[in-house]
Every structure is written in C-alpha cells, then in structure tokens.
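A.B. asks: Sequence:
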Amino acid sequence: MASLTRLSEHDGAVLGAILEPESGLGNGPLVVQANIDDGVFYDVHRLRTIRQREKEILYTLNSTSPSREDVESSIQAFDMLLQRSPEYASGYNNRAQARRLLFPSLEALAKHPDAIVAILQDLTKAISLESPAGSAQSISPEAASVLSSAYTHRGYLFYSASQMETLSYHSFTSVPYLADRDSGELLEMSSRDFALGGRYGNKAAKQLAVYTNPYAKLCGTIVKEALHREFEPSARSV
Numbered sequence: 001m002a003s004l005t006r007l008s009e010h011d012g013a014v015l016g017a018i019l020e021p022e023s024g025l026g027n028g029p030l031v032v033q034a035n036i037d038d039g040v041f042y043d044v045h046r047l048r049t050i051r052q053r054e055k056e057i058l059y060t061l062n063s064t065s066p067s068r069e070d071v072e073s074s075i076q077a078f079d080m081l082l083q084r085s086p087e088y089a090s091g092y093n094n095r096a097q098a099r100r101l102l103f104p105s106l107e108a109l110a111k112h113p114d115a116i117v118a119i120l121q122d123l124t125k126a127i128s129l130e131s132p133a134g135s136a137q138s139i140s141p142e143a144a145s146v147l148s149s150a151y152t153h154r155g156y157l158f159y160s161a162s163q164m165e166t167l168s169y170h171s172f173t174s175v176p177y178l179a180d181r182d183s184g185e186l187l188e189m190s191s192r193d194f195a196l197g198g199r200y201g202n203k204a205a206k207q208l209a210v211y212t213n214p215y216a217k218l219c220g221t222i223v224k225e226a227l228h229r230e231f232e233p234s235a236r237s238v
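Note that the working numbering has the sequence shown beginning at 1, numbered continuously upward.
Everything labelled a hint here was simulated from the structure, so no lab data went into it.
Between beta-carbon pairs, the in silico distance windows are: (1) S138 - F103: 35 to 41 Å; (2) V44 - F103: 34 to 40 Å; (3) E87 - H112: 23 to 29 Å; (4) R84 - D182: 38 to 44 Å.
Taking lysine to aspartate or glutamate pairs in the DMTMM-like style, the calculated list, with each CA pair at most 25 Å apart, reads: (5) K55 - E72; (6) K125 - D43; (7) K206 - D182; (8) K55 - D70; (9) K125 - E185; (10) K206 - E188; (11) K125 - D114; (12) K111 - D70; (13) K206 - E142; (14) K55 - E69; (15) K111 - D79; (16) K125 - E56.
Glycine included, every Cβ here is placed at the ideal spot set by N, Cα and C.
Produce the complete structure using the sequences and hints provided.
C.D. replies: This is the structure we're talking about:
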C-alpha cells in the first residue's frame, strides 16, 4: 500500500515561495506604521500643501465617467504639480491613472505607444520613489497605498501585453525594456508585480500573482495529481 509522502523542509519552502510568491520578495513581514514620517523629500507643511492640491486635481475625476476635457485638464495639472514637486510619488501614480482614463480599452491604448511609455514611466517612477531601502524597513500607509496601486497597475499592463498574439501590432514593443520580451517573460514580470502589489496591500493582486505564475500553475497540477494518487482510494496501489 502506498505510504504518505512528506515534503522535506526545503521542498516545502520552495512550494511556499511558488504558491505565495510575495513571500520571496522580502526577508520579513511588511510593517506599515501610521506614525512614520512620510516627509522624506518635503517638510510637513509643504507635503500638506502638495496633498491638498492633489485632492483638488482628483476631485474633477471623481465621477463615474469624467469627460475627456476633464481628464486632459487633470493631466496638465499633474504636470505642473510634478514640475514643482518632482519627488512626489503619489502624483506620478495618479497621473498614470489619469492617462489610462483617456483610453476606454486596452486596444485603444495600444494604438498610442507614446501613452504606453508615459504610463509605465510614471508607474515606475512612483515605485522608485516610494520603495523602502530594505525589505525589513517600515513604511507609511501612504507609501504602501502608492506601491500597491502602482505595482498592480503595471502588472496589469505587463499581463495584457503577454496575452496579445502580436505584440508589435499592439505597440507594446515601443517600450524599450519590453521590446525583446516574449510572452512568457512578460507573464513572469506581471506575476512579480502582482505579488508586490499584494505585499503592499492589494488582495486581488496577491491572487493574480499566483494565477499568472507559470511555475505555480505547473506546481498546482503536479500537487493535485499527487494528492489524488495519495488520498483517493481508487488511485492507491494495493
């Protein structure tokens, strides 16, 4: 009769890293602390002024279907805000979101390679500005929110590019670091970004990280088959 097969400690760790991809992205649990000073680049008074202006810009977009004129006006306002405050990460993240509102579908966006580049540059800039220096460093809720949103948005764009049959047709190859990527590499990039989005608080991104992880798909199939053989009476050898 077949005996229960136990995973070694190493194998268990490998499986855990695959099925919980964000666990391999840091040496410890993420710590978000409300009392952390978020004014890395700006003092408290300047930061309060910047955030107030950001709220005013976003107010015009706070509707079910903002007009194209409102979206374009908001993007221009973010341009001015970021010219004065170039280290304000949330501004880049929100400008990327505003740029995305100009295109009702991915197909529409794909016809505008300059927009793809601009959106990805903004998301990457936001991530760069807010990323903690070390995996064990605590971050503020505001930083976690920006990182969660930016990583998830960028992961979605990478995933969408990986699913397109002809990437050049959809203009994603206009992005320098995507030009030589095949669909498998783009899928891995999306999975990693989703995992980081999940690490910083987006639960949906955490689930998408597993769904888009090609190794998790293979591992899940193998584990399912092994468990079936091990525990289903009809599958056991006598």
